[in-house]
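Engineer: Spelled out from the first residue to the last, the chains are:
Number of protein chains: 2
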Amino acid sequence: MTTYSAPTRDMQFVINELAGLAEVAALPAFAEQEIGPGLLEAVLEEAAKLATEVLAPLNKVGDIQGARMSPQGVIPADGFAEAYQQFVEGGWNGIGCSTEFGGQGLPEIINTATQEMWNSANMSFALCPLLNAGAIEAIRHAGSAEQKALYLPKMISGEWTGTMNLTESQAGSDLSAVRTRAVPEGDHYRLFGQKIFITWGEHNMTPNTVHLVLARTPDAPEGVKGISLFIVPKFLINPDGSLGARNDVNAVSIEHKLGIHASPTCVMAFGDQDGAVGYRVGEENKGLVYMFIMMNEARFKVGLQGLAIAKRAYQAAREYARDRVQGRPVGAKSGERVTIIHHPDVRRMLMLMKSQNEAMRALAYVVAGYMDLARYHPDAAIRKIHQARVDLLIPVVKGWFTEIGIEIASLGVQVHGGMGFIEETGACQHLRDSRITTIYEGTTGIQAADLAGRKLSMDQGAAMRALITEMGEVAEQLGQAPGDDMAAIRTGLGEGVRALAEATQWILDTRDANAVMAVSVDYLMLAGTVCGGWQMARAAQAAQRKLRVGEDLLFHEAKLVSARFYAEHVLPKTAALLISIRNGGVSIMALTAEQF
Amino acid sequence: MTTYSAPTRDMQFVINELAGLAEVAALPAFAEQEIGPGLLEAVLEEAAKLATEVLAPLNKVGDIQGARMSPQGVIPADGFAEAYQQFVEGGWNGIGCSTEFGGQGLPEIINTATQEMWNSANMSFALCPLLNAGAIEAIRHAGSAEQKALYLPKMISGEWTGTMNLTESQAGSDLSAVRTRAVPEGDHYRLFGQKIFITWGEHNMTPNTVHLVLARTPDAPEGVKGISLFIVPKFLINPDGSLGARNDVNAVSIEHKLGIHASPTCVMAFGDQDGAVGYRVGEENKGLVYMFIMMNEARFKVGLQGLAIAKRAYQAAREYARDRVQGRPVGAKSGERVTIIHHPDVRRMLMLMKSQNEAMRALAYVVAGYMDLARYHPDAAIRKIHQARVDLLIPVVKGWFTEIGIEIASLGVQVHGGMGFIEETGACQHLRDSRITTIYEGTTGIQAADLAGRKLSMDQGAAMRALITEMGEVAEQLGQAPGDDMAAIRTGLGEGVRALAEATQWILDTRDANAVMAVSVDYLMLAGTVCGGWQMARAAQAAQRKLRVGEDLLFHEAKLVSARFYAEHVLPKTAALLISIRNGGVSIMALTAEQF
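Residue numbers (UniProt numbering), protein chains in the order written: chain A, 1 to 596; chain B, 1 to 596.
Hints in this document: simulated from the structure, not taken from any laboratory.
Any given hint could be a false lead.
The list cannot tell twin chains apart, which means a pair is met if one copy fits it or any two copies do.
Said to hold, decoys possible - Computed list of lysine-lysine pairs in DSS-like fashion (alpha-carbon distance at most 25 Å, straight line): (1) K225 with K286; (2) K286 with K333; (3) K60 with K154; (4) K225 with K333; (5) K225 with K154; (6) K49 with K286; (7) K286 with K384; (8) K384 with K333; (9) K286 with K148; (10) K60 with K546; (11) K60 with K49.
Turn these sequences into a full structure, and let the hints guide you.
Structural biologist: See the structure below:
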């Protein structure tokens with residue numbers, strides 16, 4: 001079994017030095033909370049305890065046992081219900097939620113670090129609060145005052161969980177094909193239909209579950225503009241707030257999946273008898289707009305899962321590489337055998353894992369900081385700038401992190417050699433678990449279409465150009481910094497930024513939408529790689545400042561090395577991606593379906 | 001469940017047009033066999049029947065059921081023993097083996113195509129004859145006349161199977177650490193020790209199993225020069241050839257693995273009682289030399305597994321993409337929904353799968369053709385040239401094919417979207433099965449060390465330079481060919497060849513062995529990508545010849561497109577790899593073990 005140790009040191013470095021905790025802490029919204037490095041450290045330490053001592057040991061139990069279907073509904077794996085209780089009692093579910101409904105109102109920049117921990121420790125477990133958070137966000141944004149009062153306190157405390165019911169067998173990436181019906185009946189609706197792939201759609205860890213469901217009212221227009229959003233509680237709620245009758249919504253089966261076995265993926269039947277009682281959220285036919293609000297939140301967090309699993313996979317591989325004795329140093333024919341962490345190719349794999357993890361963490365937390373500024377900054381113009389940056393980067397975080405996360409989990413198996421392929425070792429679980437992350441909450445292709453299509457065209461590339469300029473300035477600054485490391489980082493980042501600028505222009509100039517879509521994933525990966533390099537360069541700058549005052553030499557020297565490795569061995573990928581993008585879609589679109 | 005359809009059309013194209021069947025058929029060794037396109041087609045059709053009708057349907061059964069340990073030994077999954085019987089009765093086991101001992105003596109160029117089929121159809125099953133072939137090769141090369149007569153006919157017919165017993169818990173990549181002891185006793189030895197990761201180490205599909213085992217004799221020197229090779233049959237053989245006493249060798253457990261569940265991976269105990277009776281093969285202390293002969297053979301075939309699984313994953317993804325209706329064409333807001341094969345990003349994924357599969361197949365079969373020339377050509381100089389080419393390319397085939405194979409299997413999951421993550425769909429099995437291929441028979445790191453270390457330095461890069469020259473000439477020839485496709489292919493291949501030449505020079509010039517090893521996997525991937533591009537360019541040339549005479553337009557047009565896609569979207573990777581290689585090992589080697 002692989003263990004997990006929360007990377008609180010690196011989290012603090014990133015949050016304090018790169019993601020601008022001080023700036024966020026100074027926002028009026030946080031005036032009453034003493035947000036600063038001290039609070040951060042305390043929160044991270046407490047979260048780390050729960051993650052490492054309670055959640056992480058259940059990760060393998062959950063994988064082996066899985067959630068099980070029973071006549072009484074879905075039974076979570078052993079220990080999950082108790083762990084969930086501890087999670088709720090610790091107040092962790094609501095730490096990022098508004099204090100108005102009982103949340104702790106901590107900035108996203110801190111919440112994000114705890115999210116990373118839950119997902120590293122136990123991704124199956126973490127999915128339950130992840131989906132709940134999306135449901136909370138949808139009600140908070142679009143629910144009535146009454147709905148907010150009725151549901152939010154219990155969902156924010158975690159006493160109840162929320163789910164997202166979007167997919168139907170014919171409606172996956174294309175939600176316009178949703179067919180579930182919602183028939184009005186007095187102050188509520190009756191829902192009829194079947195949803196699939198519903199994460200934690202059913203379980204007994206909480207007395208109630210609040211399903212957010214996309215469905216069509218009788219006279220709704222075709223397509224995306226005819227979809228409304230409904231609250232369908234598992235148990236109806238009496239006027240006094242106590243739980244009433246069981247609603248007509250049931251899990252009919254759970255899927256047998258490659259990974260995240262402990263997260264029940266349910267087929268949900270709505271209205272097998274009289275119809276499931278549902279309450280409309282917000283306006284009729286605006287369901288998809290509301291859903292996208294919660295989906296944005298969920299996409300960011302799925303991106304974090306990419307990082308989280310990659311981090312745990314890295315820790316396991318590193319420990320194995322430090323312990324496993326095999327072979328001798330390069331060139332030595334005799335003498336002591338060494339641990340494999342001394343072998344260059346093992347180091348290369350570990351450095352790929354380590355440096356890309358650090359790049360992802362930095363980028364994620366920086367985006368979380370933007371979220372705080374976009375939400376709470378008193379100046380509307382500054383809010384707007386940061387919201388644009390968040391909107392631009394969410395598909396990058398979702399798409400790039402999860403693709404890289406799988407690569408890293410696979411490298412984790414490779415570092416273990418033959419043992420990596422044996423399930424007992426635990427390295428495979430990370431690969432199996434991570435494999436869903438590029439698929440759910442919008443595939444990488446969907447993220448790429450969002451980035452290269454919608455996001456770039458919405459403002460004719462303005463937000464991306466602003467980002468490119470900012471990244472280019474960091475590369476320029478490195479020109480004044482001393483040392484070979486900084487020179488190498490400057491070269492790598494400079495080339496990457498130029499590639500991204502050129503690719504962006506190509507996308508903006510290309511009128512053939514098929515050609516743009518054909519290379520959109522290359523563009524997303526290019527953007528992610530460069531954004532990661534930008535953050536690594538900033539990390540190197542911060543590390544150099546710390547080294548100048550002699551602070552924590554080993555840690556900050558390693559940061560410089562990691563940033564240099566990223567510049568020398570990861571950023572070069574941008575050269576390939578740019579060529580591929582400029583080659584366009586001709587050979588991608590040429591074959592008929594039969595010629596494949 | 002995914003089905004399998006043997007790609008006999010493409011196999012024939014490659015074997016006839018690219019791998020030089022005519023040249024091989026003209027060798028005196030094949031004078032008595034009427035080798036040509038007709039025989040090839042007949043063999044492929046018969047093999048395809050067995051693969052698609054018998055072996056492929058068992059692939060999922062094997063995955064779900066797995067091989068099981070019982071008090072009577074290892075029990076294969078249902079249907080495997082019967083399928084093996086059919087395999088043996090069809091004479092498939094020995095089609096590439098020398099006729100001297102009952103094989104059919106067909107060229108490797110044809111045998112290789114059948115190997116691809118067995119592995120596409122059922123990799124777990126195919127591993128049994130794969131290991132047997134390695135054992136046969138070792139005995140054929142190093143066994144005594146008596147040993148050959150006693151074992152080879154039954155192993156070649158498949159009546160008995162052979163295994164390779166190398167790894168011990170402390171001796172994986174580093175076989176010099178082998179500890180199993182072989183104590184002389186009259187005309188034989190008694191072996192004591194434990195071997196792990198022994199593929200098909202125990203089963204009841206055949207009455208006997210012939211274990212080839214690495215062990216140390218009492219006074220053997222330390223390290224690799226003190227290892228001898230032994231034959232340890234499961235049942236001893238009486239003077240009359242009948243089976244005698246059960247030997248003291250037993251499977252004590254089998255591993256619970258990520259994939260290839262139906263291939264029992266055994267822990268083998270030798271000598272738990274009196275010692276396992278073993279017969280030395282060849283000279284004392286030369287075991288590792290002999291083992292490398294059979295390992296070369298096995299490495300080539302594991303490379304084929306990379307291609308084989310990737311091919312099946314592609315077929316499954318293609319079928320799904322042709323069937324699954326989701327969304328509308330890019331830009332269309334209304335109107336008919338389309339199958340996802342019309343979406344540019346799905347096409348990009350399918351083209352990545354298709355074009356790299358074709359590149360791998362062409363390269364593998366071309367190498368198989370070299371093997372025939374290296375073995376059978378009457379001119380020793382020509383034999384030598386081709387052997388050098390084979391030696392150079394085996395680590396490329398093993399390392400690059402298997403890395404790409406995993407990527408393709410993972411793309412196969414991605415094309416299926418949410419369904420890809422559900423085990424019933426079958427796409428995950430391909431990913432799980434393929435994941436071992438970069439590990440066993442020498443990890444990718446070991447292949448890269450072999451290529452960038454041993455193979456390049458053995459002849460100071462002569463064989464690689466000859467290859468680069470030949471590939472450059474193909475790129476030049478494309479300059480005279482008409483059409484945009486050919487121009488694009490020329491550009492892609494030309495750049496790739498230049499990158500490989502430069503990287504090769506860098507490797508040869510760099511004195512720091514750690515630096516070379518640190519970027520050796522990049523070099524291997526660069527070499528593989530360019531070799532694949534070379535074969536795709538040759539395929540495009542052949543296709544253009546065929547198109548000129550109006551032959552099978554759809555197929556040959558698709559070849560051109562596929563080659564162009566490879567040049568435009570795969571070969572650009574070489575630019576990134578070259579930069580990474582030139583950046584060397586500084587940032588890879590800089591951290592202490594503690595700083596990771």
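Engineer: If a hint holds in the structure, say so; if it does not, say that too.
Structural biologist: Hint by hint, here is what the structure shows:
no.: 1; hint: K225 with K286; verdict: within (7 Å within a copy, 75 Å between copies)
no.: 2; hint: K286 with K333; verdict: between (71 Å within a copy, 17 Å between copies)
no.: 3; hint: K60 with K154; verdict: neither (29 Å within a copy, 45 Å between copies)
no.: 4; hint: K225 with K333; verdict: between (71 Å within a copy, 11 Å between copies)
no.: 5; hint: K225 with K154; verdict: neither (31 Å within a copy, 71 Å between copies)
no.: 6; hint: K49 with K286; verdict: neither (42 Å within a copy, 55 Å between copies)
no.: 7; hint: K286 with K384; verdict: within (23 Å within a copy, 73 Å between copies)
no.: 8; hint: K384 with K333; verdict: neither (63 Å within a copy, 29 Å between copies)
no.: 9; hint: K286 with K148; verdict: within (18 Å within a copy, 78 Å between copies)
no.: 10; hint: K60 with K546; verdict: neither (39 Å within a copy, 56 Å between copies)
no.: 11; hint: K60 with K49; verdict: within (18 Å within a copy, 42 Å between copies)
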